[in-house]
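All chains, full assembly: derive it from the sequences and hints.
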Amino acid sequence: MFNNRNGAKNRHHVNDYRKPARYSALDLIRYGLSGSDWPRAWHAHDLQSSYDVVIVGGGVHGLATAYYLAKNHGIMDVAVLDKGYIGGGGSGRNTAIIRSNYLTPEGVRFYDRSVKLYETLSADLNFNAMFAQRGHLTLAHNDGSLRTMHWRAEVNKLEGVDSEVIGPDEIKWLVPYMDTSERARYPILGALFHPPGGIIRHDAVVWGYARGADALGVHIHQNTEVLGIDVADGRVRGVRTKRGNIATRVVVNCTAGWSTLISDMAGVKMPISTFPLQAAVTEPVRPFLDPIIVSGTLHVYVSQTDRGELVFGASVDPFASYSMRGSLEFTEDLAAHVLELMPSLAKMRVLRQWAGLCDMTPDFAPIMGAAPVVGFLVDVGWGTYGFKAGPVSGETMAELIATGKTPKLIEAFSLDRFVDGSLVGEKGAAAVGH
Amino acid sequence: MILLPCPYCGPRNASEFRYVGELATRPDPNATGVEEWRAFLYMRANPAGWTTETWFHRAGCRQHFVVERHTVTNEVRASRLPAAKFRDREDERATGGNVADDSGGAIY
Chain W
1 MFNNRNGAKN
11 RHHVNDYRKP
21 ARYSALDLIR
31 YGLSGSDWPR
41 AWHAHDLQSS
51 YDVVIVGGGV
61 HGLATAYYLA
71 KNHGIMDVAV
81 LDKGYIGGGG
91 SGRNTAIIRS
101 NYLTPEGVRF
111 YDRSVKLYET
121 LSADLNFNAM
131 FAQRGHLTLA
141 HNDGSLRTMH
151 WRAEVNKLEG
161 VDSEVIGPDE
171 IKWLVPYMDT
181 SERARYPILG
191 ALFHPPGGII
201 RHDAVVWGYA
211 RGADALGVHI
221 HQNTEVLGID
231 VADGRVRGVR
241 TKRGNIATRV
251 VVNCTAGWST
261 LISDMAGVKM
271 PISTFPLQAA
281 VTEPVRPFLD
291 PIIVSGTLHV
301 YVSQTDRGEL
311 VFGASVDPFA
321 SYSMRGSLEF
331 TEDLAAHVLE
341 LMPSLAKMRV
351 LRQWAGLCDM
361 TPDFAPIMGA
371 APVVGFLVDV
381 GWGTYGFKAG
391 PVSGETMAEL
401 IATGKTPKLI
411 EAFSLDRFVD
421 GSLVGEKGAA
431 AVGH
Chain Y
1 MILLPCPYCG
11 PRNASEFRYV
21 GELATRPDPN
31 ATGVEEWRAF
41 LYMRANPAGW
51 TTETWFHRAG
61 CRQHFVVERH
71 TVTNEVRASR
81 LPAAKFRDRE
91 DERATGGNVA
101 DDSGGAIY
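So the sequence lines, in the order shown, correspond to chains W and Y.
Each residue of the first sequence is one higher than the last, beginning at 1 in this note's numbering.
Each residue of the second sequence is one higher than the last, beginning at 1 in this note's numbering.
In short, the hints are calculated from the structure, not lab data.
All values reported here derive from a predicted model rather than from experimental measurement.
Among the hints, erroneous ones may be present.
[To be verified] Capping the alpha-carbon separation at 16 Å, the derived lysine to aspartate or glutamate pairs in EDC-like fashion look like this:
hint, chain 1, residue 1, chain 2, residue 2
1, W, Lys-71, W, Asp-124
2, W, Lys-172, W, Glu-159
3, W, Lys-269, Y, Glu-35
4, W, Lys-269, Y, Glu-22
5, W, Lys-116, W, Glu-159
6, W, Lys-242, W, Asp-230
7, W, Lys-269, Y, Glu-68
8, W, Lys-347, W, Glu-309
9, W, Lys-157, W, Glu-106
[Said to hold, decoys possible] Covered stretches of chain W (in silico footprint by chain Y; criterion: 3 or more residues with CB under 8 Å from a CB of chain Y, positions within the stretch not fixed):
hint, region
10, 58–64
11, 194–204
12, 255–268
13, 413–422
Just so it is clear, CB atoms sit at the ideal spot from N, CA and C, and this is done for glycine as well.
Structure below.
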């Protein structure tokens, strides 16, 4: 869509603009001793009447797209709109797990690139995202899942991703608190061990991208709900927001759970159903759990944060909804399943629970790329696995916007696949309990 | 979780049911093209508001029935058997269905 860097002219008002200091140990001492305020990490701007690119959704996908547009392609006249605050949706509600041990070659290649970007993200953004690659265990409790783990391990190895199937003894060695005995209700037969998997501080990823994009001239508009998208002659003309209208030729839908509503505004039909996914966190305890534990049979995943809390996630709620209320059934089932794995946690208390909205697709793979309306791009259908794809989605969507060509990495994820039937069946590795 | 009004069994916890999905008319497989058929298979309205959907009472009467539910508040307005006309209140009473009241309906 932009074949040269002429679109890179920065027309922004930069009156009170102070480029953020590069965070360093020296700065820490200087600001700490002087007691003066740190410069703002990103800034509020007036809404311009036009932008080259408007990104709807200020989560990790939207902000990463804006950041890579500016950094890799010199397109800085970009607005990121969010109806609330940045990172307030799925980016701040996920369980912060990063991995690439998927089932389809397309999925493995795509998520592996994301893991690689996450590995250098703190240095690239000069913002500590606290990525800890502690290893990721997907447990198999029956022959069927053990077969799937072997299948995933072989596909992973073929794509150069570190994964292997290990037995109960090795699991016990990695997680001594796990009940790997045959007495368990669902005895553990083995696990897919994925050493590069890890957890990260998800807010820091959002803030890091926001700060990086802002420093390159991107406008981040919070509390700017999109009310409509103007389409004429099959092309995007502009966006109507709560704070005024914007003329633009490119709109990117990065709104996850709400993506159907934004696509509806452009008249684009989506194969998406929105389901809530609940998660919970316990009181903090001393570190005892190093890897991330996932059990599809028990519909649960567990990790311990740097602060010592246990973070639990589950499968999506049993029916489609935009409601983010928690439910007692969820907490009861979750607690029962966690105790199946680690009975010694019986006295731990749950501090809080929450829900996020997941945009589920029929094949559990995302939808990325062009839509039938020219200039309307989608980066949606992220279901329960959107956060871990944030960096690579931003990178590939930015390349698509800048060059007009769909990068090879995301060719398989086009919206057209629901017309021509070439689905990317990722159900066996994308989520638990579906 | 929410209570759902089963036309046979009355209000029951949603965990007794299986969510089937949005009510959609299946095109005639012999007369329809690939595009239309796949649109029926995959495309969803997914509204944030009132929607009409099918549920299955798997831990009760094991019948399918149709519910009008608000997807943001999870308020349920009416339920009926699949064959009954949705707004035909006499039908709903006859089958023991939950009937909407004009004040906006109960929150289950």
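- [ ] Output the numbers, in ascending order, of every earlier hint that fails for this structure.
- [x] 2, 7, 10, 11
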